[in-house]
Each structure stands twice: as structure tokens, then as C-alpha cells.
Amino acid sequence: MLTKPELSPQEIKDQKVYLEWGLTEEEYTTISKKLLGRLPNYTETGLFSGMWSEHCSYKNSKQVLKKFWTEGSRVLQGPGEGAGVLDIGDNQAVVFKAESHNHPSFVEPFQGSATGVGGIIRDIFSMGAKPVALLDSLRFGELSTPKNKYLLDQVVAGISHYGNSIGVPTIGGEIAFDASYDGNPLVNAMCVGLMDKDKLKSGVAKGEGNSIIYVGAKTGRDGINGASFASSEFSDGEDLNRSAVQVGDPFMEKLLVDACLEVIDKHSDILVGIQDMGACGLVSSSAEMASKAGSGLNLNLDLVPQREDHMTPYEIMLSESQERMVFCIKKGHEQEIFDVFKKYNLDAVTIGEVVNDGHYTLTHQGEVVCDIPTASLVDDVPEYQHVGQKPKHLLETKENFVPEVTDVAETLSKVLAQPTVASKESVFRQYDSRVQANTVVAPGSDAAVIRVRNTNKSLAMTMDSNARYIYLDPYIGGQIAVSESARNIVASGGTPIGITDCLNFGNPENDERFYEMDQSVQGISKACQTFDAPVISGNVSLYNETDKKAIYPTPVIGMVGLIEDNRHITTQDFKTAGDLVYVVGQTFDDFSGSEIQKMMTGEIYGSFDHFDLETEHHNQQLVSKAIKQNLVQSAHDLSEGGLGVALAESAFAQELGIKGKLDLTAAQLFSESQSRFVISIKPEHKSEFEALMQDSATLIGELTQEPTVDIKLADQHLIAQVSDLKNSWKDSLTCLMK
Amino acid sequence: MYLAKIHITHKASILDPQGEAIKNALHRLDYQDVSNITAGKYFETTLTSDSKEQAEATTRSICESLLANQNMETFLFTVEKVED
Amino acid sequence: MYLAKIHITHKASILDPQGEAIKNALHRLDYQDVSNITAGKYFETTLTSDSKEQAEATTRSICESLLANQNMETFLFTVEKVED
Amino acid sequence: MKFAVISFPGSNCDYDMYYAIKDALQEEVEMISCDETSLDGFDAALIPGGFSYGDYLRSGAIAKFANIIPALIEFANANKPVLGVCNGFQILTEIGLLPGALQHNKSMSFISQIEPLTVVNNETLFTNLYKKGQHINIPIAHGEGNYYCDDAQLAELKSNNQIVFTYDNNPNGSCADIAGITNQAGNVLGMMPHPERAVETILGSEEGLTLFQSILKSFKGELNRVN
Ligand SMILES: Nc1ncnc2c1ncn2[C@@H]1O[C@H](COP(=O)(O)OP(=O)(O)O)[C@@H](O)[C@H]1O
Ligand SMILES: [Mg+2]
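As given, the protein sequences belong to chains A, B, C and D, one line each in that order.
So for the first sequence, my numbering puts the first residue at 1; every next one is plus one.
So for the second sequence, my numbering puts the first residue at 1; every next one is plus one.
So for the third sequence, my numbering puts the first residue at 1; every next one is plus one.
So for the fourth sequence, my numbering puts the first residue at 1; every next one is plus one.
It is worth saying that the hints were derived from the structure and are not from the lab.
Model, not experiment: these values are computed from the prediction.
Take the hints with a grain of salt, since some may be wrong.
Below are the SDA-like pairs computed for lysine to any residue, each with C-alpha atoms no more than 20 Å apart in a straight line [what the hints assert, rightly or not]:
no., chain 1, residue 1, chain 2, residue 2
1, D, 106, C, 73
2, B, 11, A, 311
3, B, 11, C, 3
4, C, 23, B, 75
5, C, 5, B, 75
6, A, 598, A, 397
7, A, 218, B, 19
Using the sequences and the accompanying hints, generate a full structural model.
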């Protein structure tokens, strides 16, 4: 691709090269006949192929994204900018967004995940916020193949390299394994930032004569037109012919953050707009900034800092070199910007100006190489309407699964060792989770918590999704994904205030895949409204298919919660012997898509008969109240593996035992009924707690110094040593990686 | 016994932040005659292979599977016989 | 123009964690004929020095002052003339 | 007492150190760039953690040429307190204020966790408020914290009582479990664990604050002695 001589407009048409670049026949016709009235040249065709890709244009997903609930009293900036922004009081705002880097991470896992982190951090500081936390949500195929082990190892190393070096703590995330991610791993990263409300910036270029300034790293031939590749399915063998991999430089980005925040802080009056260069590099950032104001741009590509010789306009515009930003600066004030960047030893150059004719004009070595309406790149992209169709596997009816558990202690130990349930410490210990000295709850509990310095407030955050549920019921599964996030926030003492999402799906042109996306988005949206947590940002990654096999539908939720008083911060660990342990919420026979179903049968199937959003909300509010009334010693939400797993996990840190009884069967210990928590309280709070909970909480028993789990069940007696359970949970992932 | 000397370098067009950082440092230190520097890796391996061909095959294989990231790097090696 | 090729290796007496880790990985991958591996660094520098002697002097100086940590590492280099 | 925090391009714990002094210790502190050439007017110098100049070659290697380094060496030679944490420790070994070197962790991967340490020497200006043999919990976060020195050097460190902190369960392969050492004179301390991340109860531990309080106590004691 790099050395191909440039074809003439006629050759592009005759040889239909645009198809190779991902533009359809109709799209090409629209561009040449309707938008331009002539054939686009090589550079222009390249720009269209990038800007009209799903990744940049959302042409296949807009229809669905409109269904998200995006309102709410805290919203200062909803979807549409680099990141969403919520008011948290005291003139402060929290900024967050998640983004996927699936395809680059499959091709080159270390750099792919590292640049994913770099990219999402840029989205945050381009809004004017200081990045304060990172989270990552990962999906891989089963760890039985060397390739999947390699991917996990390298993806984690890449995240660790970038996040640690730039000095933003990685404080949470999730990892799950399922065969559907073989050949299609998911790497989603989320960044959270904090800012003063009145410093909010947007990515806009307006005002005739104002300067377009390029800052940061030089442009090389890295990942050219990556967005159009990310927007197509890939097949085995592709990893042999690819254009140059993007390499991240966290040191450069650290300087870039500091310099940009200095500009926003001290030169806000001359800063018209700021945006990072992400997918489709210079063209997408500059054209989007201009289109927001209906402006045109004149850019001189000879002025763009270049790392390599003889780069073509196509390469310069579509390069995805990292650590670069675009500013729009009031005419005549450019020097102020140059002075700031000089201090940090970074390039900052004027590469063009805003014009009022609405034209996007590029010159290169004295020639105009592109002259098209800005709107044609951004606003005139066709929007495709799809009609979903219920996937075949949802039409088959099969009786719901109920496991037969003969030795409950042994089964518990095995479930704890399933890689999706097992401890992720071997991963998160590679992440610096305490840099910036604000981390109150590091990875290993439910939501992570960072305090807001100089206030008595904290932020709780989490990323969650159970794709198996969504595969079995996209609408309910979507609701559960948000509910689980909210449960994590609530268990940590917080109130959910908003979400971001990464919609990872297969090919939307397939009706069944589209159905999955559409239904799960509606489920997510409904749950967001219930929890009063609007969707403020997100990202779409479609075409996650290899050789026509799609991943499980995996919309990942990143949620932030506010803790108004630091005394309410709660962790999942049991604290002292003698404390009473309760389970909040009702347990049914819910084994569809459960960990134990997968473990015992190797497949997942069945329906969801007991989930109810109102009950979920009710239980969360009860727990929240109990925490705020200072009645709670520890709180842990129930998710994969059910009650047995949650009790064990809570016991591990202090190695406390628990003695009690439960009116449940051994099998039900592994049921994944939603809307439940494990809570421990001091005995002196018993009556107050029970009065608050009414019949929503059931006493299990009390914590013991003797580290044994000793619970009488309806049909069996569970007796297990905490240390044995802990060992199978703690070492499992490390063993699987060997 | 065989000794393999393996050089791993960046492919052209791939960003080399390490080389850049070193170059900048050298310029700050006034080494003006250093016009460029690229950073790579160097490995020495001793092999108990039965023949030079086998030692070469093993070396190539470990370069491809472990030492070099072929997305970004290329490797070159030599193998020579040494005293046990 | 001169091209310097610089090799930095661990002193023999010093534990080389990277080499150890690679050796273990190779043994896990069943490369039984690899009896030892040491990890080092390799740099290529282009110098605009006026003479080979000067290029050598510069190279030695950057090795001593920056590229190698002489507590643990030793360096070796060659300098050759190349086309501008 | 007036502290300087020396910030290098790529330092990322500089503000953590700054706030530890300003908010937790409540003493005077100033952030200064490594481009400065003087430490006049300061009573102690703190070199924070991070990845100076990206740490691309070897951690601390490029930082040793910063403008501030001659002043720092002079400051140390004048017997004033110098503390280097994490990358700061690596820089202190690179510039020769402390012996030895920090290699890649034995596991070759980055390790971030709360680490139990033992205070081996509580007779330094940095540790006089700890008890000898006291166990403390301080977070670590590093990829190259595996302390190395040769046998002769190790014998010297031991006989001079220069080993200040050791790890209870050596996480990175350091020789003799070393987590922190001083120079011979005892006024320069380098350590991999991060005391500045353990200065408030809300962060999980205050056991790092004791180190800064010790520095302050020695300084005040010294003032009284002089007056
Ligand atoms: N990839 C990861 N990065 C950082 N932390 C992680 C990662 N995976 C899991 N964790 C942490 O491990 C703990 C347990 O995770 P998980 O089992 O997903 O919890 P839950 O089911 O309650 O959401 C959480 O604190 C989580 O943040
Ligand atoms: Mg949880």
C-alpha cells in the first residue's frame, strides 16, 4: 500500500479501488455525482474512505445510538465531543469516555493496547480535564491456546507500559474468557478526568483567519487509514500484510498533557478549540472541528511536521501517528502557544487557517490536492437504516439448566478457579494503581475509588458487562450490564451518576447482529433511566468477526458514581469476627449463561425469568441507605459464580471464617440471580439494619476467627477451609498462563 | 557448541521513541556530530545443537517466535562453532 | 559520514534478569538446545565527524557517559565510513 | 523547613511528593525544574518517582545530565538531606551519590502493591521516629527495582549500617532484600517504595509520613544544636 503509485481519478473509478478502501458502489456514486460533481482524486477518495468508515461516521449505528438516554440534571456535555462531562458540584466536573482498540490489539497486542490507552487519555484532556484514572475491559478466547495467552500477556503489558509511564493510575477493569473471542479479542479502555467546570473546552474551528495549529509528535506512516480497516471484518492471514504499526510514546504524551493543560489554564482566552487526533488522524480532527461551525479550512501539508521523507498527502492526512493534537487559535496569538510548547520541547506549528467558504482545501508542494466541501466529509455521510431479526438461537426453546451439585465444597473451589471468576491480581499488580496519591480503593474490591483532593468527596468507577447474558437475551442482558455496574458503585458507597459505553458487536449488516445491538442498547438505555445515570459518551466497534463468526454481543459499560462523604467508602472485605453476614435480594434457579453452566456443560443456553429492574433499583437503594446510615462493615455485589463466590471473595482478605445456615440448595449457591449483595454489619446494628431492610435481607450467620466456611444448606453442609478456596481462586490465572 | 549473535532492529517507518530520547539527550549534551541513533537489541545464545544447520534453524525459530516482534522489528544473526 | 555499531552487554559476573527470563521462556517452549542466552542492547549511530578517529572518540564518549552503566555493563563498538 | 521537589520531564510522582510535604507534613515546599542550577535556600531535596525522559535507555540514565545535578551533588556533599524515591533512587545511583544499580525486576514485569518492609536502621535522619525492626506497609510500583551491587559493596553497606529498609517478602529479586539504602554519610537516602503515597489514613497508611516527620525532627534538632 505504501509504494503504490497514485492512480488518476479515472483509474480509481475504472479499477474500482474505492471498494478496497471500504466505500461501496453507491457511496462512491453519491460522492462523485451528488457531492462533488466530478470524480474524486486519489487523496480525496482516501479522505472519504476514512471519514465515511463506520469508525468515524457511525453510519450503521447512529440509528441505534439515538435511543440512548442522554439527559439528566448533571450533564454538561453529552455524546458528541471528545468525552462526556458531568457536574459534581463545587464548580467541579468529571469527564469520562471509553474506547475500543480491538483490531490494533489483535494485530500488535502490546502497541495496540498501549496506543488505546494513549488515545483515550487524549480524549479526556482535550476537554480540559486532568486525567485521574484508567480502567480496562478485556475479552480473550480461552487460555488453552498459546496465541490467547500471548495476547493476554502482551495486552496487559502494553496497558501497564503506557498507563504507568504517563502517571495515570489504572484502578479497575474486568477480564473474561470465551471461545467467541478467539481471533477477536476485545481491548476497551476508559479514562476519567477532573476539571473546573468553567474550563470546559470543545473541538471546534471557527472564525475566519484563525490559525490551525498542529502540536505534539511528528507524523509518520503509522497505521495509515486504520479506521477503515477497523471497520471491516478481518480474516486469518491478514496479520501478514499490514501497514506500519502505531507505536505509542507515553513520555511524549505526558509532556503533551502538561502543555495542553497549561494552554487551557493560562491561555483560555485565545483558544477557540482543541481536539485530539485519533482515528483518521489529521483529516478527522480538523474536518470535524470545522464542520461543527460550518467553517472551511485551508491547510498546507508542507508545514505538517513529518518524521519520514516523501510522504504523500494521502499518508499525511490519514496517518494515525500517536500523541498529536489540533488547536484552533485566535489569529495573531500563535506565538503564545509556541512559547508554551517550546518549554516542553514539543513541535507546535501553524499549518493553516479557518475560512468561511465551507471548503476543505489542502495544498501540497504548491498544488491543491483536495478541494471539497467540509460538510461532505462529515455531515453528508449516508445513514443506514437496518431492521433487526431475532437470532435463530433465541427461537429454539430448551429447558433451563439446573446443575446437579454433589460435593458443594469441591464445586465451589472449581468455580472459583474458572478464569473469568479467578483473581485478576496477576494482571492488575502490573498496573500502577496509586500514582497521583488519590487511590482509596485499589483494584480487588467492587468499584475502585479515588478521592477528590481538597474535598470530602470521592469518585467510584467500574467497567462491567456479561456478554453471555446479552447473547441469550440482548434486552434483559443490556439492563443487567448497567445494573451490575450500578451494584458495584453502590457496594462501594457511591451513587451512580452516568455511564460511557463501548459497543462491541459483529457485522451490523447482518440482521441478527443488528438485532443484538439494537435490543441491548434499548435495555441499557432503560436501565440508565432507572438509575438516573445518563449515557454521556461512548464508542462503537462493529465487524468483530473472523471468518463470519461473530463475538458475543459485548456492550461494555463504564460507570462513574459519586461518593458525597468519604466516610461512606465501603469495600467488599469482611472486617471482624463476630460481625453478622446477610444476603440482600432473592435467590432463584437462575443458571442461564452462568459460570457453573459453562463449567459443567461447555455451552450456554436458557432464558432469564426473574430479573426485574425495579427490584434491582429497590435493593440498591436499600444498601445505599444502610451504608449512608453507617450500618455497613462490608458490601459486595453478586455477579459471576453467585453467592458462594461472593461469600468466599469477601472472606479472603482477612481470612475470616463464616458459620451459619441458608435455606438454599447446594446448586442455588451458584445461581446468578441478579440484584443481590453480601453485607456484613456489626452485631449491635442488627435491629436497625433489619428494620431498614425488612424482608429484602436474609441473615446467613456470623464471621468467625476460625477460617472455615461452615454453612448448612437445605440439602448439604458446606464446609471448606478459606485458605483452600483462596488458593484455587488466587493462583488459577497464573497457572493457566504457564 | 555454537554461539549465535542476534541483532534486532526496528523496521524503517516504525517510531523509535528510545532512539529519539537518546538522540535528544546527546544533542543537549552537545554531541553535535551524532546525526542519528537507533536503538535495538542484541542477544548472544549458546546452543548445544548437533550441527551448524540445526543451530541456525533453532536461532531463526527463536527469533521469529520470541525475540523479535515481527510487526515492528527485523532480525539478523550469525552462528559460529565454539569450543565446548 | 561514519556509522558506529555499538554493543552493550552485561558483565559476566552480574545476574541478567532479562536473559534469565528469556531462557526460562525458551525452555518452556521446548528449545532444549539453547543452553544460555544473554540480553544486551544494540545501537547504530550515524556521525558527521571529520575523521574516523573523531568518530571513534565520540562513540567511546557517549558509551561511557550515557549508553552503558559501567557498574553492570560493558560496551564494544566498531566504526566504519559510509556514504553520505 | 523548606523542601525542594525536583521535577524532571517524565516525573509523575512530583506532585504526590509536593502534597505530602505541603498537606500532610505541613511544611514549606517548592517544585523546581531540573533545568534549574541551584538549590540555594532549601533545607532538603526530594527526587520523585516517574519515568524521567521516558526511562527509555535505563531508568535514570538520561536524567543524570540535567542542569540541576551538579547543584544536587554539591547539596549532598554539604551534608544536607537528599531523598530519592523510585525513579529518584535510580537517578541517585546513576549519578553516583549512592552505590549499586537497579535492574529489571526478576519477574520482568511491573509490580504495584502494598509491600511490608522492615526498618533495619532507625538511626538515620530519615528514620529516627521509627522503631528498629518495625514493620511498615508502603506501596511499591516499579519495573526496575531489583537492587544490585557486588559482594564487596554489599559487605560495606552492611558494616556501615547503610541498609535502611528491607523487604519482608522480596518482590523483585533485590540482593539482600534491599528496599532502601543511604550513602556513607547517611544524608542521602534512596528507596524504591513510595512513602509519599502513605501519608494519610484515607490512602490506607500513614506509615510513610513518619519518614518525612523524621527529616523534620532531625532538622529541628540540628537547628537547636547550632543555636
Ligand atoms: N483488567 C483489569 N484491570 C484492572 N483491574 C481489574 C481487571 N480485571 C479485574 N480487575 C479488578 O479485579 C476486581 C474483581 O473484578 P471482577 O471479578 O470483574 O469484579 P465484579 O464481578 O465485582 O465486577 C475488581 O476490583 C476489578 O476492578
Ligand atoms: Mg463486583
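Hint check:
1. For the hint pairing residue 106 of chain D with residue 73 of chain C, the CA-to-CA distance comes to about 17 Å; that is within 20 Å, so the pair holds.
2. Restraint check: the Cα-Cα separation between residue 11 of chain B and residue 311 of chain A comes to about 17 Å, which is no more than 20 Å; the hinted pair holds.
3. Between residue 11 of chain B and residue 3 of chain C the CA atoms are separated by roughly 18 Å; this keeps the pair inside 20 Å, and the hint holds.
4. For the hint pairing residue 23 of chain C with residue 75 of chain B, the CA-to-CA distance comes to about 18 Å; that is within 20 Å, so the pair holds.
5. Note on residue 5 of chain C and residue 75 of chain B: the hinted pairing holds, with a Cα-Cα distance of about 15 Å set against a maximum of 20 Å.
6. For a cut-off of 20 Å, the pair hint linking residue 598 of chain A to residue 397 of chain A stands: about 18 Å separates their Cα positions.
7. Restraint check: the Cα-Cα separation between residue 218 of chain A and residue 19 of chain B comes to about 14 Å, which is no more than 20 Å; the hinted pair holds.
Violated hints are absent here; each numbered hint is respected by the structure.
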